[in-house]
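S.K.: Spelled out, the chains give:
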Amino acid sequence: QLDHGCALHTAARGCLSSVSTQDVPAERPRAIFHTNESDPAKHTEHHEGRLYNIPLEEVKAVFPHGLPHRFQQQIQTFNEARVMVRKPALELLAYLKGSNFAHPAVRYVLYGERGTGKTMTLCHVVHYCSRQGWLVLHIPDAHLWVKNCKELLQSSYNKDRLDQPLQASVWLKNFKISNERFLREIKTQKKYTWGKQETTEEGRPLGEVVDQGLARVRSASDAMGVVLREIKQQSHRSSFRLLVAVDGVNALWGRTTLRKKDKSPVSPEELTLVHNLRKMVTNDWRGGAIVTTLSQTGSLFKPSSAYTPQELLGKEGFDALDPFVPIPVSNYSPREFESCYGYYLERKWLQHEKAHTEDGKAELQFLSGSNPQQLDRLAGPL
Amino acid sequence: LRLVYTTTAVQRKNVGASGPEKYTEAFIKKQIEEFNLGKRHLANMMGEDPETFTQEHIDRAIAYLFPSGLFDKQARPMMKHPTEIFPEQRKIQWGEDGRPFHFLFYTGKQSYYSLMHETYEKLLNIQKHQDQLTVQDLPLQKGKRNLAGSRWLTKIELEEMLLEKLSDDDYLRFIQLLQKLVALPCADIEEEYIQKFSKEVPVQLQKAVIEPLQYDEQGVAFSTGEGKRKTARATAVVYDNGSGKITVNGIDILHYFPVLQDREQLLFPFQFLGRIGKHDMVCTVSGGGRSAQAGAIRLASAKALRSFVTEKEVEFMRQAGLLTVDPRVKERKKPGQEGPRRKFTWKKR
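Chains A and B, in that order, are what the protein sequence lines are.
Each step along the first sequence adds one to the number in the UniProt record's numbering, with nothing skipped, and position 29 is 29.
Each step along the second sequence adds one to the number in the UniProt record's numbering, with nothing skipped, and position 232 is 232.
A couple of the hints might just be wrong.
[What the hints assert, rightly or not] Lysine-lysine pairs mimicking DSSO-like chemistry, simulated, CA-CA at most 30 angstroms apart: (1) 354/A <-> 278/B; (2) 312/B <-> 361/A; (3) 312/B <-> 348/A.
[As the list claims (entries may be wrong)] Computed spacing ranges between beta-carbons, pair by pair: (4) 218/B <-> 308/A: 28 to 38 angstroms; (5) 170/A <-> 326/B: 24 to 34 angstroms; (6) 261/A <-> 326/B: 30 to 40 angstroms; (7) 312/B <-> 94/A: 34 to 44 angstroms.
Calculated directly from the structure, the hints in this document are not laboratory data.
Predicted model only: the values in this text are computed from it and were never measured.
Glycine is no exception: its CB is placed at the ideal position from the N, C-alpha and C atoms.
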């Protein structure tokens, strides 16, 4: 095992004269697209195009709900979580490392065509932040909150708004898993009354609020609102940094498919969850960063060819998010394509004989157009 | 009762018409005069010069004045010389006294037998000439006829020439006689006669001309090709020194053809030649559905790639079916049926 680790480590430095191990002859080519650095903080351009491993326990702790579905299946199949280090992620990490947290939070918007890896980049950044000890507020897909909701309750806090207890409780559960220690440290600063009987005193750990929300599902959305407000107020004062990671942020300003009981359409402002999230995404707080992704796949009433912030956010969203730093995410570069292909080959995912040849590789590149999602789908049946 | 004496000619009036109408010579002459007059009138109408008004001009003028949407060209209005319209007919073969002109009239197929007679006469002529040459000990000339590029008249053509019906047997006999004639060494003498009965076969399939490569401003070689499939028409420009990027109507193929099947069709010519990442392509396509457009672009790109590739590979492509236009189109719906083939539901009662 020591030799094994040694071979990987030395080979990762680019030096190919590794100690020859007897087990797998493909050790050497393996090392070209893998890297040993599993801490995103140390990723540089040197690591670009390479895949790094996230230990499975970390995956469960950091990403209870963040990863795309297909990637989760891939983790299950390969028994390891390998994420590719790509340029947009490196760019974002550089910005985050160099940002001044005394200033208001900077907003970053990841945009790109369908299937180019925006969500994966977001997950990479989330991993980095959680490693660094930030408090991560990760909303996996804001589109889930504006469509297909079965239960809409009228909010007790504000008569105009509508609650979504199910979605809120699911999110609270996942939030609890990912940020256990913060929930013990952060204390509430106000007294909150839930319904008629339950109250939360001032100075109690936030974990209690979360538990309250989970126990009383009716007040889950209000609990979430409380959590968000507390965190926002305390971020610039306290010792922790806050990362707000929202996937599919264009859902907050679009239309919804939900209808009230009298069949009139619901606009996003009338939903408590959306309202609170919008407050989080405004840059009137300090001590953290906001990283968002635009997503066309879950978006409602938008053409499938739209991918720029202008189109997907609409005028309202664009004005609300302005100013932001746009970061485009594009298809694989030839080097990234090679490493992805090499990874599939190495894990024996590509079973077809022709897939191992150069021609097969060229064919895959042509047919998928170097789009990560297409490549993933193509390689599936092979 | 009075006996009415009628001639056989009068009696035959009520019997059915005997074959196609016979046109008299005077009739045909009158038609020709009328045609020429009409031609001059038409030229005047169209504002052209009557002297230089050819058949082509007539056709165009008639098509303009009497537009017709009928599919059959023969059914549309036409104005042609009477000799083309009225089929050639045999003039009456006998004189006023009833005596036929030709000595073989009573054989029934007078022109055929007279033709055989003539041909045999020529054969005998050649044999006599041959004998004369052998007597004089002169060398016999070999026939220099090139049989490869010529063919004999077909039965229908021969019928048209002789203006009478032939049977297959008769035709065969005539051809055999001609072949025997040609086989003789001194057939050059009667060359003129033989040429009346032979036609030149058109030259072998003209190979499609492969255009040479063109070079644009930066010196990059490119070539164009056109293709079609069903109702889709496509033009493709293939550039050398590329990276495998393909643009259709200004849109990347991933976006224009979201279905994998269409992209595989586009990939096929390049994959076949093993040049997947080497060429760039810019195409325009219109009409048809997604599959038809994909097929059209495939054909266009294969045609464009011919200029980059050796002749042998072009032959391989042709055999692989990359260079053939797909003739399948939507079949017409027939009346009495629900679709081209599907019949209406059959009800027993």
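S.K.: Honestly, which of those hints from before does the structure not fit?
M.R.: Hint check: 3, 5, 6, 7 fail, others pass.
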